[in-house]
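Using the hints provided, position chain B relative to the given structure of chain A.
There are 2 protein chains.
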Amino acid sequence: MAEINKEKNFSEWYLNVILKADLIDYGPVRGTIIFKSYAYRIWEKLQAIVDEEIKKLGVKNLYFPIFIPESFLRKEKEHFEGFTPEVAVVTYAGGEELQEKLVVRPTSETIMYPYFAKWIKSYRDLPILINQWTNVIRWEKRPFPFIRNTEFLWQEGHTAHKDHKEALDFALKILSLYEKIYQEILCIYGFSGRKSESEKFAGALATYTYEILLPDGKALQGCTSHDLGQNFSKVFNVRFQDKDKKLKYVWQTSWGFTTRAIGAIVGVHGDNDGLILPSKIAPYEIVVVPIYDKKNEKEINKFIEKIKEEIKKDIFIDASEKTPGYKFNEWELKGVPLRIEIGSEEIQKQILTCFRRDKKERFKIKLDELKNKINDIFAEIDRNLFERSKNFTEKNTFEVRDYKEFKKIMETKRGFILAPWCEKEKCEEKIKEETKATTRCRPMKIENWKLKIGNSKCVYCKQKAKGYWLFAQSY
Amino acid sequence: MAEINKEKNFSEWYLNVILKADLIDYGPVRGTIIFKSYAYRIWEKLQAIVDEEIKKLGVKNLYFPIFIPESFLRKEKEHFEGFTPEVAVVTYAGGEELQEKLVVRPTSETIMYPYFAKWIKSYRDLPILINQWTNVIRWEKRPFPFIRNTEFLWQEGHTAHKDHKEALDFALKILSLYEKIYQEILCIYGFSGRKSESEKFAGALATYTYEILLPDGKALQGCTSHDLGQNFSKVFNVRFQDKDKKLKYVWQTSWGFTTRAIGAIVGVHGDNDGLILPSKIAPYEIVVVPIYDKKNEKEINKFIEKIKEEIKKDIFIDASEKTPGYKFNEWELKGVPLRIEIGSEEIQKQILTCFRRDKKERFKIKLDELKNKINDIFAEIDRNLFERSKNFTEKNTFEVRDYKEFKKIMETKRGFILAPWCEKEKCEEKIKEETKATTRCRPMKIENWKLKIGNSKCVYCKQKAKGYWLFAQSY
Chain A
0 MAEINKEKNF
10 SEWYLNVILK
20 ADLIDYGPVR
30 GTIIFKSYAY
40 RIWEKLQAIV
50 DEEIKKLGVK
60 NLYFPIFIPE
70 SFLRKEKEHF
80 EGFTPEVAVV
90 TYAGGEELQE
100 KLVVRPTSET
110 IMYPYFAKWI
120 KSYRDLPILI
130 NQWTNVIRWE
140 KRPFPFIRNT
150 EFLWQEGHTA
160 HKDHKEALDF
170 ALKILSLYEK
180 IYQEILCIYG
190 FSGRKSESEK
200 FAGALATYTY
210 EILLPDGKAL
220 QGCTSHDLGQ
230 NFSKVFNVRF
240 QDKDKKLKYV
250 WQTSWGFTTR
260 AIGAIVGVHG
270 DNDGLILPSK
280 IAPYEIVVVP
290 IYDKKNEKEI
300 NKFIEKIKEE
310 IKKDIFIDAS
320 EKTPGYKFNE
330 WELKGVPLRI
340 EIGSEEIQKQ
350 ILTCFRRDKK
360 ERFKIKLDEL
370 KNKINDIFAE
380 IDRNLFERSK
390 NFTEKNTFEV
400 RDYKEFKKIM
410 ETKRGFILAP
420 WCEKEKCEEK
430 IKEETKATTR
440 CRPMKIENWK
450 LKIGNSKCVY
460 CKQKAKGYWL
470 FAQSY
Chain B
0 MAEINKEKNF
10 SEWYLNVILK
20 ADLIDYGPVR
30 GTIIFKSYAY
40 RIWEKLQAIV
50 DEEIKKLGVK
60 NLYFPIFIPE
70 SFLRKEKEHF
80 EGFTPEVAVV
90 TYAGGEELQE
100 KLVVRPTSET
110 IMYPYFAKWI
120 KSYRDLPILI
130 NQWTNVIRWE
140 KRPFPFIRNT
150 EFLWQEGHTA
160 HKDHKEALDF
170 ALKILSLYEK
180 IYQEILCIYG
190 FSGRKSESEK
200 FAGALATYTY
210 EILLPDGKAL
220 QGCTSHDLGQ
230 NFSKVFNVRF
240 QDKDKKLKYV
250 WQTSWGFTTR
260 AIGAIVGVHG
270 DNDGLILPSK
280 IAPYEIVVVP
290 IYDKKNEKEI
300 NKFIEKIKEE
310 IKKDIFIDAS
320 EKTPGYKFNE
330 WELKGVPLRI
340 EIGSEEIQKQ
350 ILTCFRRDKK
360 ERFKIKLDEL
370 KNKINDIFAE
380 IDRNLFERSK
390 NFTEKNTFEV
400 RDYKEFKKIM
410 ETKRGFILAP
420 WCEKEKCEEK
430 IKEETKATTR
440 CRPMKIENWK
450 LKIGNSKCVY
460 CKQKAKGYWL
470 FAQSY
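Read top to bottom, the protein sequences are chains A and B. FYI, the numbering for the first sequence is 0 to 474, going by numbering that gives the first Met the number 0. FYI, the numbering for the second sequence is 0 to 474, going by numbering that gives the first Met the number 0.
Watch out, some of these pointers could steer you wrong.
[What the hints assert, rightly or not] Straight-line Cα separation of at most 30 Å, BS3-like style, residue types lysine-lysine; simulated pairs:
hint: 1; chain 1: A; residue 1: LYS279; chain 2: B; residue 2: LYS59
hint: 2; chain 1: A; residue 1: LYS326; chain 2: A; residue 2: LYS59
hint: 3; chain 1: A; residue 1: LYS19; chain 2: B; residue 2: LYS321
hint: 4; chain 1: A; residue 1: LYS117; chain 2: B; residue 2: LYS44
hint: 5; chain 1: B; residue 1: LYS44; chain 2: A; residue 2: LYS326
hint: 6; chain 1: A; residue 1: LYS164; chain 2: A; residue 2: LYS120
hint: 7; chain 1: A; residue 1: LYS55; chain 2: B; residue 2: LYS321
Hint data in this document are derived by calculation from the structure and do not stem from the laboratory.
If we strip away everything but chain A, and leave its shape as in the complex, we get (with noise of 0.2 Å):
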């Protein structure tokens, strides 16, 4: 890997790590990847862990059908639009031309809403809260893999609410949500804030987004939760008969969490040496790689059977015939949280030696106080990880009220800016149009800057400013 660096080249760095670290090959349709086994256990553990939050939650899992008949589709003007170049059609099937054409899903708003018509009736029947993990298909112009492929996984939310009160409370509980996870799971800094208009869902009344920064400077829209309004509900005559008799339409929400957070993984904490894994989501925890000489074999099977049995983590042991230094190489690619090294010395003086791969540091530990401590280690390496990632974005978040400082910014290191902004769609067009940088959402909190709008002005127009927005050149 040592040819390739992440700080001078990120997306050669990125394409290189994701293959060599075996988490992806590419699929034979442009733009489609193999989640091979690797991958695809990070995300078995992530959507464990998102499933039994939104549980926690009230929602329950169900599954709709893949094809949307395309005059479903059709129905809200504005979503239409937005999907209509995305998406993949079937035009025959069971050896026959369709009569109707059938849009493979690119999100499901469109075939789910004629049924919460039909199921809802009453007040009583209000809150629908129900979700689904399946796969989508968007025909990206420019694929990236995880970031944007043709095919990826996803979760997604959709509730209906009795009022607007209801339903903006849950996408914003559902943002919080997501937030957590990035940060206490994936250890991924970010602000959570509000799309503008131009940049928000396809027929949301609102989009709430975790905003990411990657190495390169450019910005990752880590998840979405949208404030649907009525919209939807108006289109597909979705209506309840209130307390008071009244038939009103229900306010909806819709939110997605996406395979994309495996690329925010990759691309926030790997190094030159390969991936590094947040420990939570990690499909092994441990390696272990024995230091077999002549005669320790059976001693050093022993104690690391008397570990495993201690330590109840998902841990790998590496006996192949390769060699120690191969080994550790090999599992500082695939970005394994902690490694223990286990030789004659070892197991004389009862002692392990650990290499943790976010520090590249070795330590020694007790075999009796690893059990107690292990916990502390992880929450230590996750704690770190979230810190750099922190720092970094930090470090490249610039407050900026002048146009020209805007522009270079932009021009050279990139990163993110926070600026006063008039929210009005030109300023946003000519921003994009001279910087590449767009809208990525106006933040609900900003920690460590103390900034207030007062009497601020544009960054760009120098009108009246409404708020201070992030901004960024985005993927």
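Using the frame of chain A, we list chain B on its own:
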């Protein structure tokens, strides 16, 4: 439900009960269904069990793209011919006509095996043991919910081995696993066996199956495990360098377990009051119905909390405003294995009134006994369901040597027929033409029929028979 009788009109009963019990809704595209949350929860529980078992065998999950270039599907001739009439095809995407048509996966052999060819170099890379949980599309001529959906959910496992023995052993190990799942988890009796040449999977050397008898006397193929031999490895050039330095083609298997199993559960166990669910896959194992009067609400709720703490089961507390009688009917319809009714009398005596859905019997149990006995109660429920299924199947399985009798059975009561067959396709075809019965499998063990093939003659042509085969009209 009273008017629709399972015994008199099975399919009408089935279609009625899956809607009433809220398992499905019909999708907008013919042959598709919405797996509603109650059905999806059954699938989730079943998935978790199957997933754990296959992982114990060393199988790893991954994910391949849903779109297969048509040229890939064409490579194995038999396979292509078998699946072509059933495929759905994407012809344009991203606003453009595609240069190559894309088949929406009906199964994934042809997209996976080119990668096997790439991934496998040496005997050290074997065996390959992988699996994916996905949706698949097969354009069914006569769709029937769960049993023959245009889109269904499944797991598909794929393995590659160094020799035929190892591959065949693996295919049979999976068949045993599926048999165990059907018998011990779903409480459904059936016959494990090998498919005939005309009924096997397109492209396989041999297909193994678990055949179930539904109440209308028709057979349901519960799952399949294929010994693919070297058919695909020769087409896709999947070779390895063996220890002897020679390049050899791998031996492969593939195997699948689908949402059809939900249809089997509904069909086999249900009665005229609705579903009856085996305990291990029931979304709720217990429903508690509080019988409130004016003064006991607090006390009852405290009592219920105590039950929830003591019994770690999936419990639903139905505290809605409906009458107890309404709730009883509703939860019987939904097949919850055990109901607990709690009113003032129960609290006073510290005794629970329970209702077993399978036997429709009430019984009393002391609160402090419930904790110790609950697992036995569920084991007894599941055992009873399995025994019923076994008795029904045995009662409707007929040993037949005379073709007139064969025809008469298929014209009247239907069911399984065990008959000697010469294994020539011509007899099989004639039997199908004349009786609608097909060979279901050559059973591997026939516990209660001491059948020795000896000098038996084929039930149709009276030439020497090769073995006893199971015949039935099938779904």
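Hint check:
no., hint, verdict
1, A:LYS279 with B:LYS59, "holds (19 Å)"
2, A:LYS326 with A:LYS59, "violated (43 Å)"
3, A:LYS19 with B:LYS321, "violated (60 Å)"
4, A:LYS117 with B:LYS44, "holds (27 Å)"
5, B:LYS44 with A:LYS326, "violated (38 Å)"
6, A:LYS164 with A:LYS120, "holds (20 Å)"
7, A:LYS55 with B:LYS321, "holds (25 Å)"
Of the hints listed earlier, those the structure fails to meet are numbers 2, 3 and 5, in rising order.
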